[in-house]
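> Take a look at the letters that make up each chain.
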Amino acid sequence: MHMLKIDNLHARVEGKEILKGLSLTVKPGEVHAIMGPNGAGKSTLGNVLAGRDGYEVTQGTVDFAGRDLLALEPEERAAVGVFLAFQYPVEIPGVNNTYFLRAALNAQRKFRGEDELDSMRFLKLVREKLKVMQISDELLHRAVNEGFSGGEKKRNEIFQMAVLEPKLAILDETDSGLDIDALKQVAEGVNALRSPDRSFVIVTHYQRLLDYIQPDYVHVLAGGRIVESGDKDLALKLEEQGYAWLAETHPELRKADLAGAPA
Amino acid sequence: MNPLPSPFVRAALDAAGGLPDSGIAWLDAARRENLQAFAESGLPEGRNEAWKYTPLRALSQRAFALADRTAASGLAIDPALFALPGLDGARIVFVDGTFRADLSSLDADGIELAPLSAALSSQAEPLRFALANRYRRGATDAFVHLNAALATDGFVLRIAEGATVSRPVHVVHVSSGSQADTAWHVRLLVEVGKGAAADIVEHFVSAGDATQLGTVVSDVVLREGARLGVVLLQDASPATTLVRRGHVRIDAGAQATLHALELGGGLVRHELHADLDGDGARFDSRGVFALAGRQHVDTQLEIRHKARDTASDALWRGIADGRSRGVFRGAILVAEGADGADAALSNKNLLLSGMAEIDTKPELEIYADEVKAAHGATIGQLDERSLFYLRSRGIPLAEARSLLTLAFCRAALESLQNDTLREYLGERLVAHLPTGPAE
Ligand SMILES: Nc1ncnc2c1ncn2[C@@H]1O[C@H](COP(=O)(O)OP(=O)(O)OP(=O)(O)O)[C@@H](O)[C@H]1O
Ligand SMILES: [Mg+2]
Numbered sequence: 003m004h005m006l007k008i009d010n011l012h013a014r015v016e017g018k019e020i021l022k023g024l025s026l027t028v029k030p031g032e033v034h035a036i037m038g039p040n041g042a043g044k045s046t047l048g049n050v051l052a053g054r055d056g057y058e059v060t061q062g063t064v065d066f067a068g069r070d071l072l073a074l075e076p077e078e079r080a081a082v083g084v085f086l087a088f089q090y091p092v093e094i095p096g097v098n099n100t101y102f103l104r105a106a107l108n109a110q111r112k113f114r115g116e117d118e119l120d121s122m123r124f125l126k127l128v129r130e131k132l133k134v135m136q137i138s139d140e141l142l143h144r145a146v147n148e149g150f151s152g153g154e155k156k157r158n159e160i161f162q163m164a165v166l167e168p169k170l171a172i173l174d175e176t177d178s179g180l181d182i183d184a185l186k187q188v189a190e191g192v193n194a195l196r197s198p199d200r201s202f203v204i205v206t207h208y209q210r211l212l213d214y215i216q217p218d219y220v221h222v223l224a225g226g227r228i229v230e231s232g233d234k235d236l237a238l239k240l241e242e243q244g245y246a247w248l249a250e251t252h253p254e255l256r257k258a259d260l261a262g263a264p265a
Numbered sequence: 006m007n008p009l010p011s012p013f014v015r016a017a018l019d020a021a022g023g024l025p026d027s028g029i030a031w032l033d034a035a036r037r038e039n040l041q042a043f044a045e046s047g048l049p050e051g052r053n054e055a056w057k058y059t060p061l062r063a064l065s066q067r068a069f070a071l072a073d074r075t076a077a078s079g080l081a082i083d084p085a086l087f088a089l090p091g092l093d094g095a096r097i098v099f100v101d102g103t104f105r106a107d108l109s110s111l112d113a114d115g116i117e118l119a120p121l122s123a124a125l126s127s128q129a130e131p132l133r134f135a136l137a138n139r140y141r142r143g144a145t146d147a148f149v150h151l152n153a154a155l156a157t158d159g160f161v162l163r164i165a166e167g168a169t170v171s172r173p174v175h176v177v178h179v180s181s182g183s184q185a186d187t188a189w190h191v192r193l194l195v196e197v198g199k200g201a202a203a204d205i206v207e208h209f210v211s212a213g214d215a216t217q218l219g220t221v222v223s224d225v226v227l228r229e230g231a232r233l234g235v236v237l238l239q240d241a242s243p244a245t246t247l248v249r250r251g252h253v254r255i256d257a258g259a260q261a262t263l264h265a266l267e268l269g270g271g272l273v274r275h276e277l278h279a280d281l282d283g284d285g286a287r288f289d290s291r292g293v294f295a296l297a298g299r300q301h302v303d304t305q306l307e308i309r310h311k312a313r314d315t316a317s318d319a320l321w322r323g324i325a326d327g328r329s330r331g332v333f334r335g336a337i338l339v340a341e342g343a344d345g346a347d348a349a350l351s352n353k354n355l356l357l358s359g360m361a362e363i364d365t366k367p368e369l370e371i372y373a374d375e376v377k378a379a380h381g382a383t384i385g386q387l388d389e390r391s392l393f394y395l396r397s398r399g400i401p402l403a404e405a406r407s408l409l410t411l412a413f414c415r416a417a418l419e420s421l422q423n424d425t426l427r428e429y430l431g432e433r434l435v436a437h438l439p440t441g442p443a444e
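Chain order of the listed sequences is A and Y.
Final position of the first sequence in my numbering is 265; the numbers increase by one with none missing.
Final position of the second sequence in my numbering is 444; the numbers increase by one with none missing.
A portion of the hints provided could be inaccurate.
Sample of chain Y residues at the chain A side, in silico, Cβ under 10 angstroms [unchecked claim]:
1) Val210
2) Arg313
3) Asp388
4) Leu392
5) Arg396
6) Ser397
7) Leu402
8) Glu404
9) Ala405
Calculated from the structure, these hints are not laboratory results.
Idealized CB from N, CA, C, for every residue including glycine.
Work the whole structure out from these sequences, hints included.
Okay, here's the thing in structure tokens:
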């Protein structure tokens with residue numbers, strides 16, 4: 003049985019087709035790494051899966067544990083177990099971090115027909131999770147991501163993931179901009195959550211993260227599709243050789259697809 | 006001059022004709038004079054710059070009789086209608102502009118609080134300047150004349166020199182909502198003595214849904230070193246038209262603070278003029294209006310720095326949903342000689358629907374030296390990225406919208422010292438915020 007099955011997904015942003023027939027299957031407990039040049043569509047994939055407005059699916063299907071994921075609202079996707087750690091987490095002044103997280107958890111629990119956590123039980127949960135993810139208490143009392151450093155924002159994403167305990171976590175470049183200690187902590191956070199019924203899709207540019215989080219599969223996303231899949235060795239090869247070599251085996255890819263989109 | 010008085014003006018003239026004489030010659034003369042001025046000017050029209058965004062054409066076609074005082078005195082009003090948590094000090098309640106002794110409790114340490122009707126009958130002379138001389142013909146606008154001509158009730162509040170009044174004075178204006186097409190007018194006078202400190206909560210509610218007009222004109226004086234905190238909670242029914250005009254004079258070293266929350270009303274005009282008259286005077290104002298449906302709320306703030314080292318800080322937030330319209334004008338004047346003034350004004354607005362409209366106009370005029378002044382106004386929408394972020398964590402759209410909207414207003418309410426009241430205002434605001442999806 004699969005957890006996530008993406009079949010021939012086409013998606014447009016601002017009228018421009020970004021995903022062009024992407025297929026990917028993730029089974030429970032698996033960790034999939036996705037690499038690919040800048041502008042290939044990795045974040046677009048995460049946004050489409052999380053249900054962001056403006057990302058229009060024109061073709062294809064996404065099945066999440068037997069449900070049509072694309073038919074759900076973003077909050078419903080979260081409640082059934084999809085979590086996206088953003089490449090660029092937003093700052094939300096005026097909304098307290100802890101309040102927000104409890105509101106999120108309780109909204110999800112309510113949707114699933116579970117009882118809501120009162121503040122005592124919630125704080126207990128937060129304290130447990132804080133042990134895994136080194137985040138200072140002080141950050142929890144601030145507004146969501148407000149004034150957080152780049153690394154603190156990324157850690158906050160993983161902390162949220164730990165509290166919300168999703169079935170499928172999509173981490174979009176959570177390792178970018180982290181110092182070595184923070185990188186290890188993020189990896190530990192992910193590893194602590196690994197379980198036979200939880201899956202991860204990890205978008206990264208660097209194979210270093212994969213030294214700490216052992217992936218089951220490594221994929222290359224280019225030109226809006228998964229063009230190559232393999233194991234950890236594929237990541238090592240990409241690190242050494244870049245993406246240009248893919249043009250030989252994939253003549254349909256344009257040079258621009260492999261060079262990374264201009265900013 | 007209007008050749009044909011509008012139905013609104015005709016009805017005001019009729020109402021005045023039915024008022025008994027006060028028995029105080031100068032007062033009756035002032036009323037007649039103001040009525041005359043009102044009849045001549047009529048309601049402000051489109052050409053009047055100060056009323057540009059609040060057209061009164063529809064209002065001028067309506068006729069309001071004076072609310073019946075006997076009916077207003079006898080009407081059963083449940084005190085729960087205006088109960089506020091933590092407010093157990095002095096209270097003065099008006100129903101359709103008529104003082105209600107049965108709902109009020111006027112005694113508290115350090116204050117002297119009397120309904121205007123009683124103050125006039127016992128000792129009218131000290132009130133002469135405020136009620137007769139201040140509003141000369143032509144010196145002010147139509148609603149002030151109307152109020153001066155027709156207001157027979159209100160209150161006089163004096164805080165004794167040096168007194169610290171710990172519990173806020175609760176001022177309640179109830180629109181009965183049961184006398185259709187009637188108007189009421191209230192006149193308020195407040196004097197905070199030298200070095201005294203007090204708080205006032207001014208509260209507007211409705212007990213029914215009938216169409217009514219209310220006008221309130223208030224004069225507040227803070228003597229040297231005095232401190233006054235005012236909280237304004239406007240929660241009237243959508244059938245209510247409210248016009249409020251407040252004037253605050255702040256003497257040397259005195260500080261006035263306002264927190265306003267405008268939630269209700271159909272057509273509302275709130276004008277507040279603050280004069281920083283003495284050296285080191287300070288005026289802080291914070292306010293939020295949250296509008297929906299077809300509400301129209303117009304806030305006009307005029308702050309005049311007239312002495313040295315005066316400070317003002319204004320922070321206002323507006324939210325408009327549905328087909329509502331919000332208007333904000335914040336004008337700061339730093340007069341010649343008011344050197345060392347420090348003035349800040351921020352007005353941010355949020356449009357929650359494509360049909361809503363907000364007009365904002367900050368104005369700054371400076372004629373003094375070494376002045377610090379900062380002002381800015383914005384109009385925007387809820388941030389799509391923030392909304393998606395919250396939803397992606399499981400928070401439903403409606404809740405995400407109200408969370409962000411409340412966050413947007415937070416800065417305006419958080420400086421309120423009274424915790425109980427601050428939390429209550431926050432809850433009222435949340436309950437009032439639209440929860441449905443955007444249009
Ligand atoms: N909201 C948007 N509006 C316009 N264009 C967009 C939007 N989102 C994505 N795109 C475009 O879609 C393409 C893919 O972007 P995406 O962010 O998915 O790339 P990526 O693979 O995540 O790249 P990176 O490695 O740099 O993060 C880019 O050309 C980008 O400019
Ligand atoms: Mg990206």
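> All hints, please: hold or fail.
Evaluated hints:
1. Val210: violated, 28 angstroms
2. Arg313: violated, 35 angstroms
3. Asp388: holds, 8 angstroms
4. Leu392: holds, 9 angstroms
5. Arg396: holds, 4 angstroms
6. Ser397: holds, 5 angstroms
7. Leu402: holds, 7 angstroms
8. Glu404: Holds, because the Cβ-Cβ distance from Y:Glu404 to chain A comes to roughly 7 angstroms (cut-off 10 angstroms).
9. Ala405: Constraint on Y:Ala405 satisfied, holds at 8 angstroms.
Checked against the numbered hints given earlier, this structure breaks hints 1 and 2; the rest are met.
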